[in-house]
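Novice: The chain contents come next:
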Amino acid sequence: MKPDNIEVVLREALTEEVASAAHRLEGLEERIVHELGDRCPRPRIIDRLRELLAPTRHGRIGQLAVLGVTAAISLSLGLIVARNGQAGPTLTPALAPTVASRSNHEVLFVVPAIDANKVSVVGDFNGWEETPLDDDNEDGIWTATIPLSPGRYEYAFVIDGRWWGQDPSAHDYVQTFGQYSSVRYVGGGGDGA
Amino acid sequence: MSRYKDAVFGLCLGFMRNRADGEDMTHDAFIRGYDNLRRYHLDKRFSTWIFTIAANLCRNKLRYRKNHPVVEQPRHMTGGKDPASIIAGEDRQHRVAEALNRLPYGYRAPLVLRFYNDLSYREIGEILGIPEGTVKTRIHRGKAMLKELVLEGRDDA
Chain Y
11 MKPDNIEVVL REALTEEVAS AAHRLEGLEE RIVHELGDRC PRPRIIDRLR
61 ELLAPTRHGR IGQLAVLGVT AAISLSLGLI VARNGQAGPT LTPALAPTVA
111 SRSNHEVLFV VPAIDANKVS VVGDFNGWEE TPLDDDNEDG IWTATIPLSP
161 GRYEYAFVID GRWWGQDPSA HDYVQTFGQY SSVRYVGGGG DGA
Chain Z
-7 MSRYKDAVFG LCLGFMRNRA DGEDMTHDAF IRGYDNLRRY HLDKRFSTWI
43 FTIAANLCRN KLRYRKNHPV VEQPRHMTGG KDPASIIAGE DRQHRVAEAL
93 NRLPYGYRAP LVLRFYNDLS YREIGEILGI PEGTVKTRIH RGKAMLKELV
143 LEGRDDA
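Each protein sequence line maps, in turn, to chains Y and Z. Per this note's numbering, the very first residue in the first sequence carries number 11; after that it's consecutive. Per this note's numbering, the very first residue in the second sequence carries number -7; after that it's consecutive.
The hints are simulated quantities; they were obtained by calculation from the structure and are not laboratory data. Built from N, CA and C at the ideal position, the CB exists for glycine as well. Some hints could be false.
Computed list of lysine-lysine pairs in DSBU-like fashion (alpha-carbon distance at most 30 Å, straight line) [to be verified]:
id, chain 1, residue 1, chain 2, residue 2
1, Z, LYS139, Z, LYS36
2, Z, LYS128, Y, LYS128
3, Z, LYS(-3), Z, LYS58
4, Y, LYS128, Z, LYS53
5, Z, LYS53, Z, LYS139
6, Z, LYS139, Z, LYS128
Here are the computed distance ranges between Cβ atoms for each label pair [stated by the list, open to error]:
id, chain 1, residue 1, chain 2, residue 2, range
7, Y, LYS128, Z, ARG94, 40 to 50 Å
8, Z, THR129, Y, GLY37, 34 to 44 Å
9, Z, LEU143, Y, LYS128, 17 to 27 Å
Covered stretches of chain Y, as calculated for chain Z (at least 3 residues, CB under 8 Å) [what the hints assert, rightly or not]:
id, stretch
10, 23 to 34
11, 147 to 153
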C-alpha cells in the first residue's frame, strides 16, 4: 500500500463497514418515534398551577381558587411578620400574572423534519388553521416564531399532511380521541418563550 | 432524520468499533437530540449539533467501559468480510479497519470525523471540544500510526 493512500483506504473501509451493517438501521426511525411517543411526561406542579392561572374558558374557577389560596398564604405570612414587629418586604402572589407578563411573547416553534416539503403548526392560538414553518437554509429544521400572549396553548405540527402531536419542546401533552397534542405555557417565566 | 442516519451511524461505528454499540449509540443520539431540541441554536449546523451529541455519548460509553471492565471488547468487526477475500490478501480495507481498532480513541475519533464524515478541522474541534491545531496534529499523527499498524499487520500475516 502506498503511504499516501491511507486516507483513501480508510474512507473506503469506513464506508464499507457502514454499508455492510446498514441492515441494523432498518426501522430505526420507527423505533425512535415509538419510543418518543410512549413518553408522556408528568407535568410539574408549577406547570399545573400555571395552567390553572391561564386565561382559558375553564380557567376562571381555578384562577379564583389559586388566587384565594395564594392570598391566604400571603395574609398568614404577613401576620407572622407583623407579629414579629419586623418590616418585611411586600408580599405579592408570585404566580399572579403581572402587567408586564401580559404582553406578547415571541414563541419559537421548532421541529426537525428532514426531507419534508411542507410543515406547519396548528393550535388553539390560530384557530387550528395552519401557520407555515420555514426551512430557509434547507437543513431540515423548520421554524416559526409566533407572538402569543400569556396562557396555555395546545398545538401540533402538520408535516406533509401528517399530524405530529408530540413536540419534544412541549411542557405537556394531551390526548384527545387517541391523538396527541402538545401543550406550551407562555408567560410567567421559564416558559421558553 | 434519514439524511443524518448513515452519517451518525458511521461516526458511532468508527468510534465504538462494534456494530451493536454503533447501532445503540445512533439510537441514543437521536433520542437525546429530540430531548434537547430546545437547546439547539439555529446559528449552528444541525449536523454539527447531532454529531456532537453522538460523539459525547460514544466517549462517555468508552470511558465507562474503561473504568468498569467486564468482558474484553471485540477487537474486530464481527460478521463483516468474506474470509476468502482476506486469505487472498486483497483486503486492504480490512487491514486498515483492524488497525483503526487498535488506534487510541483520541486519534481514532478525529480520523473518523475527517475521512468518513468529511468535516473541517474547525468542525471536528467543535465536536470533540479540542482546539483546531490539536485536531490537525492528531490527524497527522493518527495517519502515521495507522500506517505503522497496517504495515505491522502485513508483516505478521
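Novice: Please go over all the hints and tell whether each is borne out by the structure.
Specialist: Comparing the hints with the structure gives:
A threshold of 30 Å between alpha carbons decides the hint, and for LYS139 of chain Z with LYS36 of chain Z the separation of about 35 Å lies outside it, so the pair is violated. Straight-line distance between C-alpha atoms of LYS128 of chain Z and LYS128 of chain Y comes to about 41 Å, which puts the hinted pair past the 30 Å bound. About 27 Å separates the Cα atoms of LYS(-3) of chain Z and LYS58 of chain Z, which keeps this hinted pair within 30 Å; it holds. Taking the CA atoms of LYS128 of chain Y and LYS53 of chain Z, the gap is near 38 Å; set against the 30 Å cutoff, the hint is violated.
Using a Cα cut-off of 30 Å, the hinted pair LYS53 of chain Z and LYS139 of chain Z holds, with the two alpha carbons roughly 27 Å apart. Annotation: proposed proximity of LYS139 of chain Z to LYS128 of chain Z holds, straight-line Cα distance about 17 Å (limit 30 Å). Our hint of 40 to 50 Å for LYS128 of chain Y and ARG94 of chain Z holds, since their Cβ atoms are close to 49 Å apart. Checked against the given bound of 34 to 44 Å, the beta carbons of THR129 of chain Z and GLY37 of chain Y, roughly 41 Å apart, stay inside it.
Hint check: LEU143 of chain Z to LYS128 of chain Y, Cβ distance near 55 Å, so the stated range 17 to 27 Å is violated. Against chain Z, the stretch 23 to 34 of chain Y contributes 10 residues with a C-beta closer than 8 Å to a partner C-beta. That satisfies the three-residue criterion, and the hint holds. Closer than 8 Å: that is the beta-carbon criterion, and the stretch 147 to 153 of chain Y has 4 residues meeting it against chain Z, so the requirement of 3 holds.
Consistency note: the structure conflicts with the earlier hints numbered 1, 2, 4 and 9.
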